[in-house]
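A.B. asks: Listed below are the residues making up each chain.
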Amino acid sequence: MKRKKSVRKSFVYGLLIALSLLFLLPFFWMVMTSLKGPEELSQFPPKLFPSEWHFENFAKAWNSQPFNLFLINSLIVTALTTIGQIVSSTLVAYGFARFKFKGRDSLFIILLATMMIPWEVTMIPQYMEFNLFGWINTLKALIIPSWFGSAFYIFLLRQFIMSIPKELDEAARIDGANVFQIYYKIYLPLVWPVIVLIAVFNILGSWNDYLGPLIFLNDQSKYTLTLGLAQFKGVHDVNTSGIMAVTFLISIVPLVIFFLAQKKIVEGAQTTGLK
Amino acid sequence: MKSDLSVNITPSSIQLKRRNKWTKLIPYLFIAPWIIGFVVFTLGPLLFSFVISFFDWPIVGERKFIGFSNYITMFTDDPLFWHSLWVTVKFALFFVPINIILALLLAILLNQKVKGSSLFRTFFYVPSVISGVALAMIWGTVFDGEYGILNYLLSLIGIEGPNWLNSTSWALVAMVIASLWGQGTMMLIFLAGLKNIPQDLYEAAEIDGAGKIFQFFKITVPLLSPTILFNLIMTIIGAFQQLTLALVLTGGGPLQSTYFYAMYVYENAFKYFKMGYSSANAWIMFLIVLALTLLVFKSSSMWVYYENEVKNEK
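In order, the protein sequence lines correspond to chains B and F. Numbered per our numbering, the first sequence spans residues 1 to 275. Numbered per our numbering, the second sequence spans residues 1 to 314.
Among the hints, a few may not be true.
Claimed, not checked - Computed list of chain B residues with no C-beta within reach of chain F, every gap over 10 Å:
#, residue
1, S51
2, A171
3, P193
4, A199
To be verified - Quick partial rundown of chain F residues pointing at chain B, CB under 7 Å, derived from the structure:
#, residue
5, L109
6, F124
7, V129
8, I130
9, A262
10, V265
11, F286
It is worth saying that the hints were derived from the structure and are not from the lab. Cβ coordinates follow ideal geometry from the N, Cα and C atoms, glycine included.
Starting from the given sequences, assemble the full structure and let the hints guide the process.
C.D. replies: Okay, structure coming up:
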């Protein structure tokens, strides 16, 4: 019996290790390729490790395009959309969770239903609408819509707020606090874990977004990093080490965010799954 | 309400009423951002898209009402419509089941009581934070026919790998593999579901002499079925919106073998500027996704098991 158990354990370990290697392989290859010299890029069969580590690839690739500018654009969009989502989604979620009003339940069902609409359906009219507003080729097209809440974030927050006992705000009301004070003095601190989760989701989504910038931005001066990287590949298609170097640099932000917020992400997945 | 009417109207109660009117508005103030955003960025565009799908609507030039022509053309006179739909269906047929099985397998492995499982969890999840362009770039290098690491590793075990992204039969497979890399969120959701299954069920089964495989199909799968349903719907919707990977990695090629439906919609709008036609394309996509979701939901009563069902029926 014991022996059977240890055989099973080592089987599980073997599988876990093999699968981990498979999952990490693309990262490994990205880093190795980014450090290779031009002659080693077209060497067949390929070498796993570069014989010389070309760290200068990073600065060279980064400076061959206005990536600093793209970085600033990406930072602006990511920061402002994240703040916008947090402010608007918490307000709306609080409204849905803590008040009784006419049409509340049907409105909430509509909100949930909007998650089903493929972006392709609204993308064309949105483009025309933003054109009318004068937002095309400005970062506004990417930022402003995020200040009106997102269905998924509102849903997550509302579920969380509903689980908080109502006695809390009754006590506060007796102490003379109005609803807005209750919202930001009592609820905002309480929902902080979900806010962090939303921030993480939104930073990742906004940082990695390609289609939004692709459709709404034309001038290179407005490009975000993802657009810049796609353009870089178009220009330097054979410079694989340069492409990998920039890809690596761009991936640093999501990776750091992930390692900082790993615990929150894991907890968050649990809230999502338990619909 | 009735008791309100019976109260004598005194100055102070009028004041109270006015105050009540205000209090009634407060909830709407809180949800106002979403309502405005919904009307301006979702409902408006949705209706507009529906309307212009009945128009010949070039981005510049004359717009003309043409009834159902866009829809008729799509179904009867546009091979690319059927082709892109078929590419998407093929992708979904591979991707959806493999993705769910892989995520479930990883979650089950992580749920075994082994040391370092949080480290393994990190390894399996971390690719999911890289998506879109960066993911496409990385996999482009991995899949490279001559200098890529995948074919190099395959050659070590005596397999001559295909020229993945330049092969009409393998490019779509490459897309499936690259997409599987980002299964992390689904794995975490499964893991959370597994942790919620009461352990005593397994212990009882063990005492009854049930084997591991029996336990998996009779305990794990039924109790996890709501989570499987959720993940199934999310993956189907995701498969139909596959676009960035194809745009960056293959441009829909070679010979349009990775020309997804979403790419068809995108190109009709932003390459050929047929806004009306493209809107009609998008609506068909919406209807397909909706129909599939409803189908999965309807069928779910046959295979999804809700633990609380019995309790709730009271």
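A.B. asks: If a hint holds in the structure, say so; if it does not, say that too.
C.D. replies: Status of each hint after checking the structure:
1. The beta carbon of S51 of chain B is kept farther than 10 Å from every beta carbon of chain F, the shortest such distance being approximately 15 Å.
2. The Cβ of A171 of chain B sits about 19 Å from the closest Cβ of chain F, beyond the 10 Å cut-off, so the non-interface label holds.
3. Listed as outside the interface, P193 of chain B is consistent with that label: its C-beta sits roughly 15 Å from the nearest C-beta of chain F, beyond the 10 Å cut-off.
4. With a minimum CB-CB distance of about 14 Å to chain F, A199 of chain B clears the 10 Å threshold, and the non-interface call stands.
5. Restraint check, L109 of chain F versus chain B: the minimum CB separation of about 6 Å is within 7 Å; hint holds.
6. Taking 7 Å as the C-beta cut-off, the interface hint given for F124 of chain F holds, the closest approach to chain B being about 6 Å.
7. The beta carbon of V129 of chain F is positioned within 7 Å of a beta carbon in chain B (closest approach about 4 Å), and the interface hint is therefore held.
8. A distance limit of 7 Å between C-beta atoms decides the matter here; for I130 of chain F the minimum to chain B is near 5 Å, and the interface restraint holds.
9. Here the hint on A262 of chain F is kept, as its CB sits about 6 Å from the closest CB of chain B, short of 7 Å.
10. For V265 of chain F, the interface hint holds, since its Cβ comes within 7 Å of a Cβ in chain B; the closest pair sits about 5 Å apart.
11. Given hint, F286 of chain F at the interface with chain B, holds; its Cβ is 5 Å from that chain's nearest Cβ, closer than 7 Å.
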